[in-house]
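S.K.: So you can see what is in the structure, the chains are spelled out below.
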Amino acid sequence: MSVIDLSALSARQVRDSIALGEFTAREAAEAAYARIEALDGDVHAFLQLTPELAFAAADRVDMARAAGNELPPLAGVPAGIKDNMNLIGTRTTCGSRMLENYESVYDCTAVRRLLDVGALPIGKCNMDEFAFGSSTENSAYGPTHNPWDLERVPGGSSGGSAACVAAGMTSISLGSDTGGSIRQPGALTGTVALKPTYGRVSRYGVVAFGSSLDQIGPFGTSVDDVALALEAISGADTMDATSSSEPVGSYTDGLDQGARGLRVGIVRDMLELEGCGAEIRASVDLAAETFAALGAEVGEVDLPAARHGLAAYYIIGPAEASSNLARFDGIRYGHRAADPADVLDLYMRSRAEGFGPETIRRIMLGTYALSAGYYDAYYGQAQKARTRIIEDFRAAFERFDVLLTPTTPEVAFRFGEKSDPYTMYLNDVYTIPVNLAGNCAVSVPSGLCSTSGMPIGLQIIGDYFAEAILLRAAAAFEEATGFDPIPPLVGSLNS
Amino acid sequence: MAKDRLTEVLIRYEAVIGLEIHTEITAVNTKMFCGCPVAFGGEPNTRVCPVCLGMPGALPVPNEAAIEWTVIAGLATECDIALWSQFHRKQYFYPDMPKDYQISQYDLPFCSGGFVDIEVDGDGVAERADLGGALPFVGPEAVPEDGGYRARIGITRIHLEEDTGKMVHVGGSEGRIAGATHSLVDFNRAGTPLMELVSEPDIRTPEEARRFAQKLRSIWLALGVSDCSMEEGSMRVDANVSVRLRGATELGTKSEVKNMNSFKSLHDAIAYEIVRQADLLDAGGRVEQETRHWDAGAKRTSGLRSKEEAHDYRYFPEPDMVPFSFELAWIDALAEKLPELPDARRDRYIAEFGLPKHDAAALAAEHALACYFEEAVALTGADRARPVANWMLGDLAAHLNAAGIEIVASRVTAAMLAELVGLIEDGTISGKQAKEVFAEAASTGDAPGAIVEARGMKQVSDTSAIEAVVRSVIDAHPDEAASYRGGKVGLAGFFVGQVMREMRGQGNPAVVNEVVRRLLE
Ligand SMILES: [Zn+2]
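Which chain is which? The protein sequence lines are A and B, in order. Sequential numbering of the first sequence, starting at 165, is according to my numbering. Sequential numbering of the second sequence, starting at 39, is according to my numbering.
Read the hints as simulated data drawn from the structure, not as lab findings. Some hints could be false.
[Stated by the list, open to error] Now the stretches of chain A that chain B is said to cover, found in silico as 3 or more residues with beta-carbon under 8 angstroms:
| hint | stretch |
| --- | --- |
| 1 | 265–272 |
| 2 | 329–343 |
| 3 | 440–453 |
[Stated by the list, open to error] Just some of the chain A residues that point at chain B, by a computed CB distance under 10 angstroms:
| hint | residue |
| --- | --- |
| 4 | Met249 |
| 5 | Asn250 |
| 6 | Arg367 |
| 7 | Tyr368 |
| 8 | Ala372 |
| 9 | Tyr539 |
| 10 | Ala541 |
| 11 | Gln545 |
| 12 | Pro585 |
| 13 | Thr587 |
| 14 | Tyr628 |
Small disclaimer: the values here were computed from a predicted structure and weren't measured. Positions of the beta carbon are idealized from the N, C-alpha and C atoms, including for glycine.
Excised from the complex, chain A in its bound form (with noise of 0.2 angstroms):
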């Protein structure tokens, strides 16, 4: 075991101590690999592991230390990043057996502008495929284990990006959120993971799921690490039509300025949805004395069409899915079934050789959705609910700057617990409306289930691009919990 132990100290200290001389990136970038050696057979949280870009970036770190130049924010930081991400240099199979050995052609921005301030890629992290899960499960390269309970899911679909964190394989990890798929998998895990404003980060070079709901948004194990990498990877991106010009501020400065003023905003009649564990509603209501012990003035807030947020999302996802997926037909990349007799039999044969059974399920769904003579019933329908609930959220930022909900209805489950989909879709029931609002929002560890040990999240919601004052709430949160989670399996690694 190397002498620096990732899972104690923040992105911010490993930078820093590079910065002083204390270790160097490329020891660094030892450090986390000896971590994967030692516990990714059991997590599974990486489907590639990159040393050659992780040592060629460790070395151009310690190249500009030894040069005397001043070292960016995430210098000599391990990374994970999601398999759903182009890099060149790796394979970005998004899970699936259809990309299994699709070579990345171009950069993914957001993964762009984090090495660009000198994060070490490590390797691409194991998700559901192509983000159609909430467990990792549906990953055509077998599951990642919850490193808190390897009997247990980390969530999904960002489950390996999350696990890779929690674990302190590396310090840091993107990941991709369509309805939750940042936020459950930190809850899960117990990291902080930050999906944010939609248009806030550029979704070039992410393979797109829902192009109306998707973003990349960072893991850490603490607010200040996901603040330092928001500002890395935000700002326009002249690829993506849908990135925001609006500035990117300093999303870290302002973290210690506490709760006090926060108008902070319970949403009641979402804890009061059915499914919702009687822990997990006491967390969030111990979580707004916390915040009301800082001095935020604390109230209560319904939203009523959020309640539909499930249904408009399985109509809304599936259809761009639907449409998305299309180009993956055995033509230019991807798998090709063999001797196909025509073009449509090369078509057919190759996707459903190359798409596993929740991908060709939301295929099937979006399709379905966006026909003829069901458009108007169904997609028409769900963009009439997302108004709503757009209308809802607004409504309720006029009252208040971050609203409060459970990031998940209960603690990470066992494998093969949840076998219909509907039971795993409502995993997803209150991360899902930020999605169809586009608001940011972020999962912060709340405290252990008494009865399994298992971490819980607690979802702040914040307004649009206000991304500063929400995790400003969470930094403060954070900091009067004082709670810090380490799973069983790492604790055991480190004594």
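Dock chain B with the ligand against the given chain A, drawing on the hints supplied.
M.R.: Relative to the frame of chain A, chain B with the ligand by itself:
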């Protein structure tokens, strides 16, 4: 097909025709949603990038110049410009379409509700069997001076989309898919901005369809939005054709005819289709709704598929782009900047230069011709516009046609033609000499003045010099001179010819004529 067969059919049946015209916006430097250059041909798959190849994770970014060109095209055809518009995805699988959906427009096109006026004259008028001798007040309006008529063709919409790649079928005949062993795809064209114009079904004859397509082409060329090459496929015209008995109010079943690579093909394909449908109906059969392919060699259309599949394109709003909203002031500014359009230019040529209507229309319709004409006239003077036009539509056109080149590639530039006309008009050379000078200039590219100089071709107009030659010719032919004086005045031509031969063609014909007659009297 025999023309009278079409006319016979059109006496009993009314044809209802609408056109769909796809035009690549070649005025832009880059493709519709990426930075790849827009050009024709090239090594396959060399003008491509992750975006236009539909690689995973790539996103479209709209080319604002292409949108502006589409709005300009709409303004030039009297369309309403949408203040709020967006792209939709049109979804179907085909190997030439990288994303397996085409970014196009659906219920919110950039332009809608326009029109273009066409004029039909000459032989094409006969196709309008319903007009007969009595021109109706409503609908086509008579243009009495040339026996033709004018008609207004509605434009339903003009929208913007991305072009597909090109398939090359290998192993079959003539590159067709039938019998091919495999197919190759070239994505160089994929993502080229493509305007689709849909006309109202206001067209009634093949000739009207041709005139409408030609008129649009001349407008697009005047705007500069596209090079409009039907051969290279930058302008592609499809026709929806149906027929119904005259007097019927219900529309017949239509077929969609494709693959017309010239205006003549467009006319002939529609004419064929009208007769084919009428024959079917006459025989008690019925017309299938289908897509038919024009074979210019065999001069017939054939069904592409035995059974037309009903396509469900599953249109939905393109989520990778935000909708567009346009300021009225921006639209007004574009309208202000519209260049002179072909009809206005034709009318100006008639008013300003006194050109005959036919010549004016011919020059005004083709932007490159108009530019050439105006440049030459500017150099040689408005009073010489008519000879410039005559030369352009005569010798120059014949030369370009024979050489198979466009006017922009002509070795005889506008400046050279202006010089040539100047040499004729100021009497330096005769019209006959000018033809020789033109031929030499066209083959060598030398300036007319230099050619005249080098060949010593200057025309002799000096009366005393000509009188000396005429006297010697009369002296040499006393018998003919006597006959002339005896009343055979037709012999004047003989003397003129002898004089011109003596002068090696350099005598001013008008002066020679006058002197011959005077001295013979
Ligand atoms: Zn391109």
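S.K.: Taking the hints in turn, state whether each one holds.
M.R.: Results for each hint:
Under a criterion of three residues with beta carbons nearer than 8 angstroms to beta carbons of chain B, the stated coverage of the stretch 265–272 of chain A is upheld, 4 such residues being counted. Taking a C-beta to C-beta cut-off of 8 angstroms, the stretch 329–343 of chain A contributes 0 residues in contact with chain B, too few for the three needed, and the coverage statement is violated. With 0 residues having a Cβ less than 8 angstroms from any Cβ of chain B, the stretch 440–453 of chain A misses the three-residue criterion, and the hint is violated. The beta carbon of A:Met249 is positioned within 10 angstroms of a beta carbon in chain B (closest approach about 7 angstroms), and the interface hint is therefore held.
Taking 10 angstroms as the C-beta contact cut-off toward chain B, the hint placing A:Asn250 at the interface holds, the least distance being around 5 angstroms. Given the 10 angstroms rule on beta carbons, the hint for A:Arg367 holds: about 6 angstroms separates it from the nearest Cβ of chain B. Because the beta carbon of A:Tyr368 sits about 5 angstroms from the nearest beta carbon in chain B, less than 10 angstroms, this interface hint is met. Of the supplied interface hints, the one on A:Ala372 holds, with its beta-carbon coming within about 7 angstroms of a beta-carbon of chain B, less than 10 angstroms.
For A:Tyr539, the interface hint holds, the least distance from its beta-carbon to any beta-carbon of chain B being 7 angstroms, beneath 10 angstroms. Contact between A:Ala541 and chain B, as hinted, is not supported at the beta carbon level, the nearest pair being about 14 angstroms apart and thus beyond 10 angstroms. A least Cβ separation of about 13 angstroms between A:Gln545 and chain B goes past the 10 angstroms threshold, and the interface hint is therefore violated. Because the closest C-beta pair between A:Pro585 and chain B is about 22 angstroms apart, greater than 10 angstroms, the hint is violated.
Because the closest C-beta pair between A:Thr587 and chain B is about 28 angstroms apart, greater than 10 angstroms, the hint is violated. Because the closest C-beta pair between A:Tyr628 and chain B is about 14 angstroms apart, greater than 10 angstroms, the hint is violated.
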